[in-house]
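**Q** Heads up: the sequence shown begins at 1 in full-length UniProt numbering, then just goes up one per residue.
It should be emphasised that the hints constitute simulated quantities derived from the structure, not laboratory data. Possibly wrong hints are sitting among the right ones.
[As the list claims (entries may be wrong)] Listed below are the simulated DSS-like cross-link pairs for lysine-lysine, each with C-alpha atoms no more than 25 Å apart in a straight line:
(1) Lys166 with Lys152
(2) Lys102 with Lys33
(3) Lys248 with Lys267
(4) Lys280 with Lys33
(5) Lys152 with Lys229
(6) Lys152 with Lys33
(7) Lys266 with Lys280
(8) Lys66 with Lys152
(9) Lys222 with Lys66
(10) Lys33 with Lys248
(11) Lys118 with Lys133
(12) Lys66 with Lys267
(13) Lys33 with Lys241
(14) Lys280 with Lys241
(15) Lys140 with Lys119
(16) Lys146 with Lys133
(17) Lys241 with Lys229
(18) Lys133 with Lys119
(19) Lys236 with Lys267
(20) Lys166 with Lys140
(21) Lys248 with Lys266
(22) Lys152 with Lys241
(23) Lys118 with Lys135
(24) Lys33 with Lys228
(25) Lys146 with Lys135
(26) Lys281 with Lys33
(27) Lys33 with Lys135
(28) Lys228 with Lys248
(29) Lys267 with Lys33
(30) Lys281 with Lys266
(31) Lys102 with Lys119
(32) Lys140 with Lys152
(33) Lys229 with Lys239
(34) Lys133 with Lys152
(35) Lys152 with Lys281
[Claimed, not checked] With beta-carbon atoms standing in for the labels, derived distance ranges:
(36) Ala205 with Met177: 33 to 39 Å
(37) Ala147 with Glu213: 30 to 36 Å
(38) Arg139 with His31: 27 to 33 Å
(39) Met177 with Thr240: 41 to 47 Å
(40) Ala205 with Glu144: 56 to 62 Å
Note that beta-carbon positions come from the ideal geometry of N, C-alpha and C, so glycine has one too.
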Amino acid sequence: MVVPRNLNDSTPVTALFMMDKFSRWEMVQLHVKRGDESQILFSTTVDVSIETLTQQICAIYNGRLKVDRICSEIPELADHGVSLPLNMQGLTDDQIMELKLKDEWEDRCIPSGSAEFKKDELGRRNGHAPNEKMKEVLRKTVEEAKALISNKQVQANVCVTMDMVKEALDQLRGAVMIVYPMGLPPHDPIRMEFENQEDLTGTQASLQVIPEEEAQLWWASKELQRGKKLQDYVGKNEKTKIIVKIQKRGQGAPAREPVVSEEEQKKMMLHYYKRQEELKKLEEGDDDSYLQSDWSDRQALKRQFQGLTNIKWGPR
Numbered sequence: 001m002v003v004p005r006n007l008n009d010s011t012p013v014t015a016l017f018m019m020d021k022f023s024r025w026e027m028v029q030l031h032v033k034r035g036d037e038s039q040i041l042f043s044t045t046v047d048v049s050i051e052t053l054t055q056q057i058c059a060i061y062n063g064r065l066k067v068d069r070i071c072s073e074i075p076e077l078a079d080h081g082v083s084l085p086l087n088m089q090g091l092t093d094d095q096i097m098e099l100k101l102k103d104e105w106e107d108r109c110i111p112s113g114s115a116e117f118k119k120d121e122l123g124r125r126n127g128h129a130p131n132e133k134m135k136e137v138l139r140k141t142v143e144e145a146k147a148l149i150s151n152k153q154v155q156a157n158v159c160v161t162m163d164m165v166k167e168a169l170d171q172l173r174g175a176v177m178i179v180y181p182m183g184l185p186p187h188d189p190i191r192m193e194f195e196n197q198e199d200l201t202g203t204q205a206s207l208q209v210i211p212e213e214e215a216q217l218w219w220a221s222k223e224l225q226r227g228k229k230l231q232d233y234v235g236k237n238e239k240t241k242i243i244v245k246i247q248k249r250g251q252g253a254p255a256r257e258p259v260v261s262e263e264e265q266k267k268m269m270l271h272y273y274k275r276q277e278e279l280k281k282l283e284e285g286d287d288d289s290y291l292q293s294d295w296s297d298r299q300a301l302k303r304q305f306q307g308l309t310n311i312k313w314g315p316r
């Protein structure tokens, strides 16, 4: 934490903490989506350039995708061991013997403790899996890494940073090193991901990645131009919270956000459901007392959203 110049060493620690907490709270908060799916919350300032903002959000977005790809491969590593060389993948044992192929990494990349053989029916991995204790290390780390950068952090009002993405990658890298202290083969997709050598050509994952130079941010059906600053669009209020959408250049404007939020829609549906149920009961009983009920008032929901309920006149 940086101490302001007008403060000296005698300033109480509590005061410094509160000032730091307040300064962190006064930030623009961006709810980043791709399409209709929430990605992250991101904190910044109105003075940031759109160029820098796009780079930062794109790096976190692609970093989360990398974590997800690694997390999807690690269970295969835990169940079937390291990846076979590319020229051996998909071949049967008879074909491997006939072609006289040998996996030179099989004896080098041995898991810690005793290995358990479990044949990979897809023919991608060598079948020499780590023992149950080491499998648990991998599984637990995957859960922790996923939780760290999950889109559920949006609901928890936690802003995801690039440091959190790097922490998730470091956790996964550390767990793999514990289980495979001699490392993974250079052709293993997990090692390639860690070394940024992954080849996603022709895969579904390649459609999700957004190259930084092709990334665009949109807000309120407006493209945030890289030559401007955020304050050119949202003003100078540092307490602003907006929804921005990230996508590739050339895809056009994304769909606008619905006028009514999901929470408001639920309240409206609940209100009309209760009204319909009560009307059914009253029709059966031929009772007109419902005319004095709050739920029968057509303007009740409108007043509720406007904060005009429970208003009383006269002295208290």
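**Q** Which earlier hints turn out false for this structure, listed by number in ascending order?
**A** 2, 3, 4, 5, 9, 12, 14, 19, 21, 26, 27, 34, 35, 36 and 40
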